[in-house]
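Novice: Build out the structure end to end from the sequences listed, making use of the hints.
There are 2 protein chains.
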Amino acid sequence: MILRLCLISILCLSLRADEGMWLFNDPPVAQLKAKYGFEPSPAWLEHVQKSSVRFNSGGSGSFVSADGLVMTNHHVAADCLAKISTRQKNYMSSAFLARSRADERKCVDLELNVLLSIEDVTARVNSAVTPGLDAGAAQKARRAVTNTIEKESLDKTGLRSDVVTLYNGGQYHLYRYKKYTDVRLVFAPEKAAAFFGGDPDNFEYPRYDLDITFFRAYEDGQPVKAQHYLKWSAAGPRDGDLVFVSGHPGRTSRLQTLRHMEFVRDRQNPTVLNLLRRREVLLKAFADRSAENARRAEDELFGIQNSRKARIGLMEGLQDPALFERKQAEEKTLRQAVTNNPEWKREYGDAWDQISASIGAWEGIYFDHYLVERGTAFNSGLFQIARDLVRLAAELPKPNAERLREYSEAGLDSLKQSLFSEAPIYDDLDTVKLADSLAMLVDLAGANSDLVRQVLAGRSPRQRAEELIRGTKLKDVAVRKKLFEGGQAAIDASGDPMIELAKSIDPAARKLRAMYDVKVDEPQKQAYGKIAQARFAVHGSSVYPDATFTLRLAFGVAKGYREDGRAISWATEIGGAYARSADHGNREPFNLPKSWLDRKNRLDLKTPLNFVSTADIIGGNSGSPVVNRAGELVGIIFDGNIQSLVFDYLYTEEQARAVSVHSAGILEALRKIYDAAPVVAELTR
Amino acid sequence: MILRLCLISILCLSLRADEGMWLFNDPPVAQLKAKYGFEPSPAWLEHVQKSSVRFNSGGSGSFVSADGLVMTNHHVAADCLAKISTRQKNYMSSAFLARSRADERKCVDLELNVLLSIEDVTARVNSAVTPGLDAGAAQKARRAVTNTIEKESLDKTGLRSDVVTLYNGGQYHLYRYKKYTDVRLVFAPEKAAAFFGGDPDNFEYPRYDLDITFFRAYEDGQPVKAQHYLKWSAAGPRDGDLVFVSGHPGRTSRLQTLRHMEFVRDRQNPTVLNLLRRREVLLKAFADRSAENARRAEDELFGIQNSRKARIGLMEGLQDPALFERKQAEEKTLRQAVTNNPEWKREYGDAWDQISASIGAWEGIYFDHYLVERGTAFNSGLFQIARDLVRLAAELPKPNAERLREYSEAGLDSLKQSLFSEAPIYDDLDTVKLADSLAMLVDLAGANSDLVRQVLAGRSPRQRAEELIRGTKLKDVAVRKKLFEGGQAAIDASGDPMIELAKSIDPAARKLRAMYDVKVDEPQKQAYGKIAQARFAVHGSSVYPDATFTLRLAFGVAKGYREDGRAISWATEIGGAYARSADHGNREPFNLPKSWLDRKNRLDLKTPLNFVSTADIIGGNSGSPVVNRAGELVGIIFDGNIQSLVFDYLYTEEQARAVSVHSAGILEALRKIYDAAPVVAELTR
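Chains A and B, in that order, are what the protein sequence lines are. Under my numbering, think of the first position of the first sequence as 119, with each following residue one higher. Under my numbering, think of the first position of the second sequence as 119, with each following residue one higher.
The list cannot tell twin chains apart, which means a pair is met if one copy fits it or any two copies do.
Below, computed lysine-lysine pairings styled on DSS-like, alpha-carbon distance capped at 30 Å: (1) K224 to K207; (2) K168 to K201; (3) K591 to K629; (4) K593 to K516; (5) K427 to K402; (6) K201 to K402.
Simulated from the structure, these hints should not be mistaken for lab results.
Specialist: This is how it looks when you write it as C-alpha cells:
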C-alpha cells in the first residue's frame with residue numbers, strides 16, 4: 119500500500135527524507151542541518167560511535183555507565199542466556215539481577231566490539247586487483263591484499279581489524295575494534311516480559327515489550343572503565359523529537375540490480391523460506407515433547423521464527439508488482455544516465471550484464487553450494503566444529519595471504535573463542551537436526567547421487583545422524599584443542615566419524631566455494647563497484663552503502679502513523695501491557711510474568727513503554743541505542759513494524775517504523791518491578 | 119531397523135503373517151484358519167460388514183446400539199465438532215453429553231455410508247475399454263462406462279453407488295451404500311483427553327488417549343433402528359487375543375513399481391511435505407494470535423500436523439536404502455517370473471515400462487497440475503465452491519457418461535450436501551490461506567508467468583487475496599444455490615470475483631486435467647492392471663488390493679514388542695495417563711482435563727486404556743471397530759505407532775502396531791468420569 123501510494127507521486131524521493139544507514143566517517147550532516155537544523159559535531163559523533171557496541175552473536179548495544187555496563191535487547195542477550203542455562207536454572211524464562219559484582223554471571227563465548235577507527239583502503243585494494251586480471255586471479259589478489267591489510271593492522275595496533283566491503287565492492291574500509299570477551303550478565307527480565315506477545319506480536323506495533331538486558335564488560339578481571347558511554351535520559355523522547363540510532367544493521371539489498379532481485383525472489387528466498395519452515399516445524403515438534411526439550415531448542419527456534427516472519431514480509435514486498443515497477447524505474451533512470459555519457463558508458467556500462475552473468479553462474483551451482491559449502495545439509499553444531507578443524511588443518515600452514523578469508527590470521531582469536539567454547543551441545547537436538555538436514559540433502563541432491571551415497575554410507579538419514587552423533591568425540595573441548603594443535607597429522611589420524619565426514623566432503627565443498635568465489639562473488643564485487651561509481655557520478659556522493667553489520671548512524675523522528683484509517687500513537691504506556699494481556703485472557707504468549715502482576719499497583723501506568731520512529735533500521739540493529747540531540751540515551755531499538763520489512767529493498771516512512779523501548783519505561787520497570795536499585799543508580803549517576 | 123533385520127532372513131514373507139487389508143468379498147479365510155484356527159462364517163462377515171460405517175469426512179466407525187448409536191474417534195468427529203462450534207461454545211475443547219435425544223446436536227454436513235453389497239464389474243468395464251483404443255479414447259470409454267454403471271445402480275436401488283478401482287486398475291467393483299446425512303452428536307470427551315499428548319505423542323506408543331465420540335444416525339427424524347450393530351465386550355481383549363479390524367484404510371502404495379516409488383520419494387513427497395510445513399507454519403502463526411483464531415484453525419491445523427508427521431515417517435522409510443533394496447528384490451522376482459513365461463511376457467511384460475513412461479509424462483506437468491488443477495495454489499474454501507459451481511454449470515448439461523467423474527449423476531447428492539453446507543467459512547482465515555497459496559504460486563510458477571499475471575491482476579498475493587475474499591458473495595448459501603440453479607447463464611452473468619477467477623483459470627486447469635487423465639492416469643490403470651494380473655498369475659490369488667478408502671478386513675493379535683532393548687507392553691492403563699501428565703508437569707499437551715483430575719479417585723486405575731495389535735491398518739482406519747472372534751466390539755483403532763508409518767509401502771510386524779482404545783477403558787471413563795449412564799446403558803443393553 120505504501121509503495122502503491124508512493125508510485126503516483128514524483129515526490130517520492132524527496133519524501134524519503136529520513137532514509138539512510140550512514141557511515142560514521144561520512145555522516146549525513148547536510149541532510150540533518152537542512153531538515154532538522156542540527157549539526158552533529160565531530161565530538162558528538164565520536165562520543166556516540168565509541169559508546170556503541172557490536173554483539174558478535176548478531177546485534178547491537180551501548181555502554182551506559184562509566185563502569186562498563188552495556189545494554190542490549192533480551193533477544194540479543196538470549197544467545198548467552200541460553201548457553202549458561204541448565205535444566206535446573208533457566209536464565210531465559212526467569213528474571214536475573216546480580217546483587218553484587220560477584221553475582222554477575224559470565225557468558226560462555228560472547229564477544230563485544232567497539233569501533234575505534236575507520237581507514238579508507240579502497241585505493242590499496244584496487245591497486246592489487248588490477249583490471250587485466252581474470253576473475254580467478256582477481257579473486258586471489260583481492261583475498262591476499264585483504265588478509266594482508268588486516269594482519270598488518272592487527273600486528274601494528276593489537277586491535278581486531280576487519281576490511282569491510284562497502285557499496286557491494288565500491289569501497290573498502292579498514293575497521294579497527296576494541297574487543298571484549300569477558301562479558302557478564304547483570305540484569306535480565308523474564309522472557310515473558312521481554313518478548314511479551316511472542317511470535318504473534320513480533321514485527322507488530324503497538325507493542326509492550328521490555329526487551330532489554332544489561333551486561334558488564336570486564337578486562338583483566340576488572341569492570342571496564344568506559345571512556346565513552348551514553349548518559350541516561352530519564353524523561354526520554356516526546357512525540358516529534360529528533361532521534362538517532364547508532365547500531366549495526368546486518369544486511370540490506372537496496373543497490374541490487376533487478377536481475378539480482380529476481381534471483382532473490384524466485385530462487386533464494388523461496389529456498390531459504392522452505393528451509394526455515396522445515397526447521398521451525400522440526401524444532402517446534404522437538405520442543406513440544408517436554409519442558410527440557412523446549413528449553414534446549416528455545417533460542418534457535420526463536421531465531422528461526424524471527425527470520426521466517428521477516429522473510430515472509432520481505433517476500434510480500436518482492437512479490438508486489440508495484441515494488442518491482444519502482445525499482446525498474448530507478449534502474450532505468452540510472453542506466454539511461456550512464457548510457458548518455460560516453461565516459462560513464464565505457465567505464466560502467468557493462469556492469470548490469472556482468473551481474474546477470476554472475477547470477478546465471480550462481481543458478482548453476484546454487485543448490486550444491488547451498489547444501490555442501492554453506493553446510494545446510496549438515497545442520498549440526500558438531501559438524502560445524504569438524505569442518506572448522508578440518509579446514510584449519512589445511513589452511514593454517516598456508517601463507518596468510520592465501521588462506522580462506524575466515525581462517526586468516528586477523529580473525530583467528532575470535533574463531534578460537536567460538537571453536538573452543540564450552541557452550542552446551544545437546545546430542546538429542548543435534549541428532550534431530552542432522553537427520554532432518556540429511557533428509558533434505560536426499561530431497562535436493564537426489565537419492566541416487568554420488569554425494570548422497572557417500573554421505574549416507576548405506577544408512578537412512580536418521581540412522582546415519584544417530585551413528586555420527588553417537589560416534590563423535592568433538593563435544594569434548596579438549597579433543598577439539600588436541601586436533602587443532604595436532605594439525606593435519608592429527609586430523610588424518612583421528613578416525614572420528616564427524617571429522618571423517620567433514621574431510622570426505624571437503625574437496626567437493628571447496629570446489630563449489632572456488633566456483634562461487636570466482637564466478638559469482640568476484641564478478642559481483644567488480645560490477646557493483648562500477649554501479650556504485652555510476653551512482654556517485656549520477657546522484658552525487660549522498661549515497662549510503664548497503665548494510666554490512668558495521669556501525670551506522672540513522673536518524674528520524676518519534677512519530678505515529680495511520681493504518682486502516684486508525685491513528686497509531688507514537689508511544690505505548692506500561693498500562694497497555696496489562697490491557698493487552700487481559701484481552702487475550704492472559705493466554706501464552708500474552709501472559710505477563712508474576713513480577714508484573716504483583717507490582718502493578720506500584721507503577722505509574724502512564725509511563726511510556728515502547729515508541730516508534732522513522733529511523734532507517736534492519737535486523738542487526740536490535741539493541742542499538744537511540745540517542746537525542748544531546749547524545750543522551752532515550753531508548754533502545756528492538757524491532758521494526760510489519761511495514762518496515764521491505765526496508766531490505768526500500769525505505770519508506772508513511773507507515774514503516776523502527777520500534778524502541780522508551781528510556782522512561784525502562785527506569786520505571788527497573789525501579790518498581792525488579793527492585794534493581796543498584797542498576798538504576800549506576801544509570802542515573 | 120525392522121527392514122534391516124528382515125533383509126537378512128529369507129523368512130520375511132512367511133513372517134508377515136498378519137498382513138493384509140482384505141476385501142469382504144474375498145476374505146482371508148484360509149490364512150485365518152491356518153494360523154488361528156478360526157473360520158469366519160458368511161453371517162459373521164455380513165454382520166461385521168454391515169455394522170461398519172464410513173465417515174465421508176475421512177474415517178471409519180461402527181454401529182454400537184440398536185438405536186443407531188455410532189462410535190468413531192474424536193479426531194474423526196472433529197470435522198463436525200469444529201463446524202458446530204462458535205466463539206461462545208467450543209465442542210472441541212469441552213466435553214459434551216446429550217442429556218436426552220432432544221439435546222443431541224446435528225452435524226452440519228456429515229455423511230455416513232454403510233456398505234450393503236459388492237458386485238464385480240471388471241468384465242463390463244474391460245469390455246468397454248477395448249485393447250485397440252488409444253489412451254485418450256480408452257480414458258473416455260472408462261469414464262463413460264463407470265459413470266453409467268453408477269447411474270444405473272442408483273436408479274435401480276436408490277443406494278449410493280461407487281465403482282471402485284482395485285489393484286490400481288486390476289479389478290473394478292461396484293459398491294452400494296446406505297447413506298445417512300442426519301447425524302447428531304451424543305457424547306464427546308474433551309480434546310485434552312481424546313488427544314492427550316497432542317502432536318508429540320501422535321503416532322507414538324505407549325499411549326493414553328480416550329479418542330472416542332458417539333453420534334446417533336437419524337432417518338426421517340427418527341433414530342435409525344440398526345439391523346446390524348456390534349455388541350459391546352465389557353471385558354475387552356487380553357494379551358495375545360486374535361482381533362479383527364473392519365474399516366476404511368485410505369491409501370497404500372504396496373503395488374507401486376520402483377520407478378513410481380522413486381517419483382514419490384524424489385518429487386511428490388518432498389513437494390507435499392514442503393506444502394504441509396508451509397501450511398503448518400502459517401496456521402500455527404494464525405492460531406497463536408488469539409484464542410478465537412486458534413479455535414478457527416484448530417481442526418485444519420491438526421490434520422496438517424497429522425499428515426506431516428505421517429509423511430515424514432513414510433519418507434524415512436523411502437529414504438532408507440534397505441527398504442528400496444527389499445522392494446527391488448520383490449520387483450525383480452516378479453519381473454523375472456513374467457519374463458520366463460512367454461505368455462505372461464507377451465501379456466504383462468511391458469507394464470513396468472508403461473509405468474515409467476507415465477511417470478515421465480507426469481514429471482512434465484507435475485507442478486502445473488498440482489497448483490492449478492489440484493487447486494493447491496488457491497487454498498480457500500470459497501475458491502473451491504467457486505470452482506465447483508463453474509464446473510457444474512459446464513458439466514451438468516453434458517450426458518452423464520461424458521462428465522468429469524466428480525460431477526456424475528450418482529455422486530450429485532453428496533456433492534450438493536457439501537456445496538450447500540452451512541459450515542462456517544472465516545474471512546480472516548480464508549484470506550490468510552489464499553494469500554499464502556498465491557505466494558506459493560508465484561514461487562513455483564514464476565512471477566513473470568502468464569498464469570501468475572492473470573491470477574494476480576497487478577496486485578501482490580496478499581492484496582489479491584483480500585480483494586477476492588472481500589468481494590465474493592459465495593459465503594451466502596442462497597447465492598450458491600442460485601448460481602447452481604441458474605447454470606451457465608448465471609455463472610456468466612455473476613461478476614462475482616471468485617467465480618471470475620475460477621472461470622479464468624478453468625481452461626488451463628481442464629487442459630492439465632486432460633493431460634493427466636490421458637498421459638498418467640489411464641496408462642497407469644492399464645499397466646497396473648497388467649501387473650495385478652501378473653501377480654495373480656505368479657503368486658496365486660492371495661493378494662489383497664492397495665487401500666482405496668473402502669471397507670476392508672484386517673486381523674492380528676493384541677501383542678507388545680521390544681524397542682531399544684525395552685519390552686513395550688501390549689496395553690496401557692488409565693492410571694498411566696496421570697503418571698505421564700505428572701512427568702510433564704501437566705504442561706500442555708500433557709494436561710489432563712479437570713474432569714479427569716476431579717474423578718481420579720473414583721477410577722479403577724488398572725483398567726486397560728489403550729492397546730496395540732499387529733493388524734494391518736493405515737490412515738482412514740481411524741475409528742474402525744476392533745472385534746473379537748464372537749464379533750463383539752473390543753476396541754476402536756485410533757493410531758499406528760511410529761514403526762507402522764512405512765505401512766504405506768510395506769507391512770511389518772516386529773515392532774509396527776495398530777493402536778486402539780480398549781473397550782473396558784471406554785466404559786470405565788464413561789461411567790466414572792463423564793457420568794454417561796444413558797450411553798453406557800445403551801451400549802451394554
